[in-house]
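S.K.: What follows is each chain in one-letter form.
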Amino acid sequence: MRLILSFIMLALLAACSQVQPWERGYLAKQEMAWDSDPLERALNDHIFFSKEASSGGNTAAGGGCGCN
Amino acid sequence: MKKPASRSLIALSTSALALPGIAEADAPPLASSLSYKISNYQEDDLSREQVPFGELERYDIDVHQFQFVSPLGRDYALFIDANHENMSGASPWFSTAGSNGQPVINMSGASGIYDSRSEVSLGVRYYGARGKIGGAIGYSEENDYRAKYVSMSGSRNFNNDLTTLTVSLSHSDDSIFPSDAERFNRVRHENKQASSVAVSLSQVLNPVASFQTALSLTGQSGYLSDPYKLQDSRPDEKTQIAFSNSLRYFFIKADGALQSDYRYYRDDFGIRSHTLDLSWFQNVTRSFKIVPMLRYYSQSAADFYTNIDDFMKPLSESQSSDYRLSAFGAISGGLSFVADFGGWSATLTAERYVANEKYSAFTVAQPSPGLVQFTRLSLGVDYAF
Amino acid sequence: MSTNLRHAGFRAMGTYCEIQLYEASRISAAKLVRRLIDEVSRLESKYTRYRDDSFLSEINRSAGKQTGIKIDIETLKLFEHARSCYEQSDGLFDITAGVLRRVWDFSRRQIPDESELEGLLPLIGYEKLNWRDDTLLMPANMEIDFGGIVKEYAADTLATLARELGVRRGLVNLGGDFAAIGTQPENRPWPIGITHPEDSTKMMSHFHLSEGGLASSGDYERSFILEGKRYSHLLNPKTGWPCSGLRAVSVAANLCTVAGSFATIAMLKPEQDAIDWLTDSGLPFVFMDGTGQIGGPGLTDSSY
Chain A
12 MRLILSFIML ALLAACSQVQ PWERGYLAKQ EMAWDSDPLE RALNDHIFFS KEASSGGNTA
72 AGGGCGCN
Chain B
-6 MKKPASRSLI ALSTSALALP GIAEADAPPL ASSLSYKISN YQEDDLSREQ VPFGELERYD
54 IDVHQFQFVS PLGRDYALFI DANHENMSGA SPWFSTAGSN GQPVINMSGA SGIYDSRSEV
114 SLGVRYYGAR GKIGGAIGYS EENDYRAKYV SMSGSRNFNN DLTTLTVSLS HSDDSIFPSD
174 AERFNRVRHE NKQASSVAVS LSQVLNPVAS FQTALSLTGQ SGYLSDPYKL QDSRPDEKTQ
234 IAFSNSLRYF FIKADGALQS DYRYYRDDFG IRSHTLDLSW FQNVTRSFKI VPMLRYYSQS
294 AADFYTNIDD FMKPLSESQS SDYRLSAFGA ISGGLSFVAD FGGWSATLTA ERYVANEKYS
354 AFTVAQPSPG LVQFTRLSLG VDYAF
Chain C
0 MSTNLRHAGF RAMGTYCEIQ LYEASRISAA KLVRRLIDEV SRLESKYTRY RDDSFLSEIN
60 RSAGKQTGIK IDIETLKLFE HARSCYEQSD GLFDITAGVL RRVWDFSRRQ IPDESELEGL
120 LPLIGYEKLN WRDDTLLMPA NMEIDFGGIV KEYAADTLAT LARELGVRRG LVNLGGDFAA
180 IGTQPENRPW PIGITHPEDS TKMMSHFHLS EGGLASSGDY ERSFILEGKR YSHLLNPKTG
240 WPCSGLRAVS VAANLCTVAG SFATIAMLKP EQDAIDWLTD SGLPFVFMDG TGQIGGPGLT
300 DSSY
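Protein chains in written order, with my numbering: chain A, 12 to 79; chain B, -6 to 378; chain C, 0 to 303.
Take these hints with a grain of salt, some might be off.
Below 27 angstroms or equal to it, Euclidean Cα-Cα: the simulated BS3-like pairs (lysine-lysine) are [unchecked claim]:
1) K246/B x K40/A
2) K127/C x K30/C
3) K127/C x K40/A
From the structure, some residues in chain B lie toward chain C, with a derived Cβ separation under 7 angstroms [as the list claims (entries may be wrong)]:
4) L2
5) L5
6) S8
7) A9
8) P13
9) A24
10) S25
11) A122
12) G124
13) G128
14) Q205
15) G335
16) V374
17) A377
Far from chain A by the CB rule (all over 12 angstroms, computed), these chain B residues [to be verified]:
18) N99
19) E112
20) R123
21) A187
22) N199
23) Q224
24) R241
25) R288
26) Y316
27) G327
28) D333
Keep in mind the hints are simulated off the structure, nothing from the lab.
Beta carbons are placed, not taken as given, at the ideal position from N, Cα and C, and that holds for glycine.
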């Protein structure tokens, strides 16, 4: 239910926001990327995968390791 | 009073900004880049109260990561990743009741474990007019573990590129062949498979904010137990679901960006968890950034978790004293310095991670004596050419 | 860190080009410039109409073919920008107008036959291009010319590439089409002189560019005067006759490509229309009108 709600919320937001292409300078900055430092993200995913029970996130996971 | 942009300026800017040599996001790289990162993390020693006999030292791990990204023609990009990791130390073997009835740990590897892991992956991505699609294959090897995996990901932009829908799939085929299997009566050779699918939707909210929501589903089957533990028997099927929400917000006056990621997770081992990740990217000068990070994590225990191994229990019944299946909370904080020298940049990161049952957001029926604390240092360099 | 301004001049796209960079070392600057020249050469060899092996020539050879020709994304986006120019100029900026060169020869200073012109007009019109997804079906004898788009796009592409390669301050100049990468040190803008249409040794005006691009269009050399009437090399695709609007115009915008489109369209419009249209855009510009008068809101030390 929460999921459906958040998708509906997004759809509503999409309908009302119109950010023009030339207004997207800040959004294009590296620190605004979903994955702004791929190596750091990969390292964190790997470390926390070996220390905690949870995994999975925004993308489908890669391969496993003997660490978990 | 700023007058609204003319119709012609809007139309011409829009079509010009879509040109691949100009588009800032979602375009294939124009230049190649090479990145390397070396990290060391060391788990804190356990105390004599936790481990009455033997080694107190836990893992000390070095990780080397390489990444090469290169444009392939105009519409493709090539990604090559290689990682190498060396670890030494010891890990909890089994858990018994101490003299006061509290659980105590018995460590494996009196002489210490030495292991290394190497991984390579190769990916190609195609950048189309309204999205991108890519695939990757990877291979990871340890002396007792091998994983082969493939993944695919496709995304499509809608609504003047303000909305992006991404679907990704991956499959991993792993083999486990524990060392000294005969001597310790461990399993000889086992397999496990994992498949996952993730769907994410991201939306530009305004010129300084965007939001992403994602759902991922993973199914694992095969040998999911830990072959090195004396008594560890887990179900051979596991379904995991993760629901993530991410926000990126740029504060113009402060010249900094907030990255906030929250994930809710649950699986059919009975584990639920919350993860909150906050990072603040502060631009100090044009070429220098400071990035403080804070992370909170908490999970509930697996249904079959026990902090004192019951050796009388039949192996057909699930049981594990793995601290990673206990209920606990963990707080970590870190600080990164990023210096950009033009063609190349360097990142220095320090992080401290402390897990404790007191930080748990879930009920802790059986606290684990083996929770981990570690300190990490990383140095990364990126070079574009 | 000491940074020095490095210059490199070269010929590309049939004109003089120059790259200025603030770089710490001469070696890395030389490497960078080589990389940028490679990129401009790539675009030139892809879109030049002077070489048979260019992709543009291949597109033009496909005119009349039933199977059409598959267009890659970069070129597709250039077509989309060209369509945007066509719409915003009410059909005056038309990349299919190049066929008029078959009868107009500005070096021979001759006026073509009206009947010859009439015969060409049916071959002009962006809307006559047919698309089936990303396959272009071009009617026989039609011709595409990305003049007024590709050089400006190349300037922006070089600026983007230089940024990716770590350049934080620099200026790309492709024969008068400029793209800035940041400002000069201490936030000083780049001073850019604009050549006088009648005397290339004189300056008509100058601009201060802090970011984005600057492009100029004008009757610089390729026009002639016959029996007291000036014939501009800029031709109206609807009549086939030269436009008699502004003599020259320079426009600054967020991108060189945008500035270039504004400058080209302004040259094709009637004089007053052009000035009104540019004023409405809010962009800084400088122009010289048919009587040789210089004006525009970009005149007095304007910055972008």
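S.K.: So which hints don't hold here, by number, going up?
M.R.: Going through the list in order, the structure violates hints 2, 3, 10, 12, 13, 14, 16, 19, 21, 22, 24, 25, 26, 27, 28 and respects the others.
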